[in-house]
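Work out the full structure, taking the sequences as your base and the hints as a guide.
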Amino acid sequence: MGTMTIAKGINNGLRAAMERDPKVVLMGEDIGKLGGVFRVTDGLQKDFGEDRVIDTPLAEAGIVGTAIGMALRGYRPVVEIQFDGFIYPAFDHIVSQVAKMRARSLGKIKLPMVIRIPVGGGIGAVEHHSESNEAYFAHTAGLKVVCCSNAEDAYWMIQQAIESDDPVLFYEPKRRYWDKGEVDETAASRPLLEAQVVREGTDATLVAYGPMVKTCLQAAEAAAAEGKNLEVIDLRTLSPLDLDTVAASVEKTGRTVVVHEASTFLGMGAEIAAALQQRCFYHLEAPVLRVGGYNLPYPPSKLEEEFLPDLDRVLDAVDRSLAF
Amino acid sequence: MSDNAVASTGEKAGATPHEEEVLAELTAPVPEVGDGGPEMVQLLTPEGQRIENVEYDEYVKDLSDEDLRGFYRDLVLIRRVDAEATALQRQGELGIWASLLGQEAAQVGSGRAMRPQDYAFPTYREHGVAWCRGVDPLNLLGLFRGVNHGGWDPNEKNFHLYTIVIGAQTLHATGYAMGIQRDGDVGTGDEDRDAAVIAYFGDGATAQGDVNESFVYAAVNNAPVVFFCQNNQWAISEPNERQTRIPLYQRARGFGFPGVRVDGNDVLAVYAVTQQALNAARSGNGPTFIEAYTYRMGAHTTSDDPTKYRVSAEVEVWKHRDPIERLKSYLVHTQKADQDFFDAVEAEGDELAVTVREGCLNMPDPTPDSMFDHIYVEEHPVVEAERKEFAAYHAGFTTEGGH
Numbered sequence: 001m002g003t004m005t006i007a008k009g010i011n012n013g014l015r016a017a018m019e020r021d022p023k024v025v026l027m028g029e030d031i032g033k034l035g036g037v038f039r040v041t042d043g044l045q046k047d048f049g050e051d052r053v054i055d056t057p058l059a060e061a062g063i064v065g066t067a068i069g070m071a072l073r074g075y076r077p078v079v080e081i082q083f084d085g086f087i088y089p090a091f092d093h094i095v096s097q098v099a100k101m102r103a104r105s106l107g108k109i110k111l112p113m114v115i116r117i118p119v120g121g122g123i124g125a126v127e128h129h130s131e132s133n134e135a136y137f138a139h140t141a142g143l144k145v146v147c148c149s150n151a152e153d154a155y156w157m158i159q160q161a162i163e164s165d166d167p168v169l170f171y172e173p174k175r176r177y178w179d180k181g182e183v184d185e186t187a188a189s190r191p192l193l194e195a196q197v198v199r200e201g202t203d204a205t206l207v208a209y210g211p212m213v214k215t216c217l218q219a220a221e222a223a224a225a226e227g228k229n230l231e232v233i234d235l236r237t238l239s240p241l242d243l244d245t246v247a248a249s250v251e252k253t254g255r256t257v258v259v260h261e262a263s264t265f266l267g268m269g270a271e272i273a274a275a276l277q278q279r280c281f282y283h284l285e286a287p288v289l290r291v292g293g294y295n296l297p298y299p300p301s302k303l304e305e306e307f308l309p310d311l312d313r314v315l316d317a318v319d320r321s322l323a324f
Numbered sequence: 325m326s327d328n329a330v331a332s333t334g335e336k337a338g339a340t341p342h343e344e345e346v347l348a349e350l351t352a353p354v355p356e357v358g359d360g361g362p363e364m365v366q367l368l369t370p371e372g373q374r375i376e377n378v379e380y381d382e383y384v385k386d387l388s389d390e391d392l393r394g395f396y397r398d399l400v401l402i403r404r405v406d407a408e409a410t411a412l413q414r415q416g417e418l419g420i421w422a423s424l425l426g427q428e429a430a431q432v433g434s435g436r437a438m439r440p441q442d443y444a445f446p447t448y449r450e451h452g453v454a455w456c457r458g459v460d461p462l463n464l465l466g467l468f469r470g471v472n473h474g475g476w477d478p479n480e481k482n483f484h485l486y487t488i489v490i491g492a493q494t495l496h497a498t499g500y501a502m503g504i505q506r507d508g509d510v511g512t513g514d515e516d517r518d519a520a521v522i523a524y525f526g527d528g529a530t531a532q533g534d535v536n537e538s539f540v541y542a543a544v545n546n547a548p549v550v551f552f553c554q555n556n557q558w559a560i561s562e563p564n565e566r567q568t569r570i571p572l573y574q575r576a577r578g579f580g581f582p583g584v585r586v587d588g589n590d591v592l593a594v595y596a597v598t599q600q601a602l603n604a605a606r607s608g609n610g611p612t613f614i615e616a617y618t619y620r621m622g623a624h625t626t627s628d629d630p631t632k633y634r635v636s637a638e639v640e641v642w643k644h645r646d647p648i649e650r651l652k653s654y655l656v657h658t659q660k661a662d663q664d665f666f667d668a669v670e671a672e673g674d675e676l677a678v679t680v681r682e683g684c685l686n687m688p689d690p691t692p693d694s695m696f697d698h699i700y701v702e703e704h705p706v707v708e709a710e711r712k713e714f715a716a717y718h719a720g721f722t723t724e725g726g727h
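Just so you know, the sequences run in chain order A and B.
All the letters of the first sequence, read from the start, carry residue numbers 1 to 324 under the numbering used here.
All the letters of the second sequence, read from the start, carry residue numbers 325 to 727 under the numbering used here.
In case anyone wonders, no lab produced these hints; they're calculated from the structure.
We put the beta carbon where it would ideally sit given N, CA and C, even for glycine.
Watch out, some of these pointers could steer you wrong.
[Stated by the list, open to error] Here are some chain B residues pointing at chain A (derived, C-beta under 7 Å):
1) Leu485
2) His496
3) Tyr541
4) Leu685
5) Met687
6) Pro705
7) Val706
[Stated by the list, open to error] Every beta carbon over 12 Å from chain B, so not counted as near; a handful from chain A, in silico:
8) Arg20
9) Leu34
10) Gln45
11) Glu60
12) Phe83
13) Asp92
14) Ile123
15) Ser164
16) Glu185
17) Leu266
18) Gln277
19) Glu304
20) Asp312
See below:
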């Protein structure tokens, strides 16, 4: 048991996976000596060598495309994309090749690879450095999409993603990289594809993942001061979506607010709201509400606090839900 | 100002005669119906005469007469499969077909140069390479008939699935080659162990970013990969001059590895050049780019009409360079094969065509619920829920209809 940041949790998780399985290789730009732009791979090249921690040329399609070939040869590549907004040159390989190769081969091929993407805004970055594009990939059959929100999950989920025989997109909330938390490196981990109730409550359910989990927990604290008892769910997995956990909570509270950074239009919240109204229609006391980014390109950083859901916008939605 | 004045007199400041030569070479227009130019490696003329080549002769010197007859058999049989598939498409049995007519030598020459442990990453026209790797032609037809996306086990034949997205497989090939390096299966000197990868693509694919990125990755990693471009002169309706300003094989130099142009209709030359490149890769000397200069005699696929975009005179020029006739002339005048042999191959082709036709017509449709199979290795609740929903929906018809 120790306290560490999310970044360190992922670093330790990568290290553990590499020690356990010599077929695990890391690939990405600047992940070697520099340790990645967020230092998530810090020290790994020194300890595992340049053949296993591969500094690649600056070309994202090349990173993912060659990782596919490595996986076909029996390796378990873990690629790092520097920022969410740089994934698009590799989009074709992810949706057309990574996602489909198993089905195309009638099950003869498996592609055990992980694509790590630092996601979201809130760090005052220039454009293309703050995007939330998880819905593109969650929409694509053949991929698994997960997102960690705390150090404990960071440590365990990255290892589980690497151990998965299916390709996994692993989102890391970049503005939470330096948040610290307890990590028990000996405890049994919870399943990768399972949501978790991170705060119990009775009046309404907040559903979030990644960077918004912390925001929702803060909102729940603030609401508690006003006598409202909110349940908070950390989805953890976006594809497959663990609807059972969400539905069980909604059947208890009758009210749901889904919170994410991505634009609400056709975002994860749209899927969750639609699924809940089909499944929990008679339990709902209010329509499922969504709080997310506006349907805009991510704005200049001086405006990002207006764009991103914050504690007040979450609480406002809770009030609207409770008013039904 | 005086420097400019000197330059304007025609004496280019600082440019040596050699540089001017290189520049002229680099900017020379691509011929409309070229013959590949003097730098193209050729061991058999279109008339089937053997040409000596100091550099490449050694790669064919050990070929027996039986080997050569084997090449001929490959060329004829895969052309027969191709013709039958084209006919099946015209009769509505295949949704579409991408014919290899005219490119048999490029595929058989390179395919036969591979060792069992080498790995091929094809595009969607490499029927001849598939043949050399032992993939059942019916598996190729299955893709075009729509019963699957490629029914063979890539690791059983070391022949990856066809890739439709242009050029994507060149990166997969490069990554696979990087895996071979890490397995230590390069440069050991063990003929049964050292391995290489060959990535197939067309002239149109050379415009793709993926292909250029694969060149970069292969170069900086010194990966054991051979890039095999079948320059069949046309990317659907776009000719070479819409794709490139320099001969394609010359591009390799800019990425830092050798490029060679070979007569793609000369099975011996293709075999020799590919042997050399694969040997180099297997022994740790990195990638080679091969431009097999050839011609797509038919349409891009059965869906297009080449008479709309190219003139028949061009096709006539290339008929004279036919890969099968060329090898046949050579075998005849060197008395390496007799009429009985040619008749036997012809008869074998007829039998194969019947097998392909019957196999195609008898190919079972996949069961409807099989579309839910193999999406993930591990069980996925959304897929399983939809599979059940689908089954229940269909079960409803049988109980309601009472059939």
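Each hint tested on the structure:
1. Annotation: Leu485 (chain B) was flagged as interfacial toward chain A, and the flag holds, the nearest CB pair being 6 Å apart, inside 7 Å.
2. Among the interface hints, the one on His496 (chain B) holds; its C-beta lies about 4 Å from the nearest C-beta in chain A, closer than the 7 Å criterion.
3. This hint holds: Tyr541 (chain B) has a C-beta 5 Å from the nearest C-beta of chain A, less than the 7 Å allowed.
4. Violation of the interface hint for Leu685 (chain B) is found here, the shortest Cβ-Cβ separation to chain A being roughly 21 Å, above the 7 Å cut-off.
5. Hint status for Met687 (chain B): violated, given a least beta-carbon distance of 14 Å to chain A, over 7 Å.
6. Interface restraint check: Pro705 (chain B) against chain A, minimum CB-CB distance 5 Å, threshold 7 Å, status holds.
7. Interface hint at Val706 (chain B): satisfied, since its Cβ lies 5 Å from the closest Cβ of chain A, which is below the 7 Å cut-off.
8. With 12 Å as the threshold on Cβ separation, the claim that Arg20 (chain A) sits away from chain B holds: the shortest Cβ distance comes to roughly 17 Å.
9. The Cβ of Leu34 (chain A) lies farther than 12 Å from every Cβ of chain B, with a closest approach of about 17 Å, so its non-interface assignment holds.
10. Residue-level check passed: Gln45 (chain A) sits 15 Å from the nearest beta carbon of chain B, beyond 12 Å.
11. The Cβ of Glu60 (chain A) does not lie farther than 12 Å from every Cβ of chain B; its closest approach is about 9 Å, which violates its non-interface assignment.
12. For Phe83 (chain A), the requirement that its beta carbon stay farther than 12 Å from each beta carbon of chain B is met, with the minimum near 19 Å.
13. Not every CB of chain B is more than 12 Å from the CB of Asp92 (chain A) (nearest about 6 Å), against its label as outside the interface.
14. Distance to chain B confirms Ile123 (chain A) as a non-interface residue, since its nearest Cβ pair spans about 29 Å, more than 12 Å.
15. With 12 Å as the threshold on Cβ separation, the claim that Ser164 (chain A) sits away from chain B is violated: the shortest Cβ distance comes to roughly 7 Å.
16. Every CB of chain B is more than 12 Å from the CB of Glu185 (chain A) (nearest about 24 Å), matching its label as outside the interface.
17. Once the 12 Å rule is applied to beta carbons, Leu266 (chain A) is consistent with being away from chain B; the minimum gap is 17 Å.
18. The beta carbon of Gln277 (chain A) is kept farther than 12 Å from every beta carbon of chain B, the shortest such distance being approximately 17 Å.
19. The claim that Glu304 (chain A) lies off the interface holds: its Cβ sits roughly 31 Å from the closest Cβ of chain B, which is beyond the 12 Å cut-off.
20. At roughly 34 Å, the least C-beta separation between Asp312 (chain A) and chain B is larger than 12 Å, which holds for a residue marked as non-interface.
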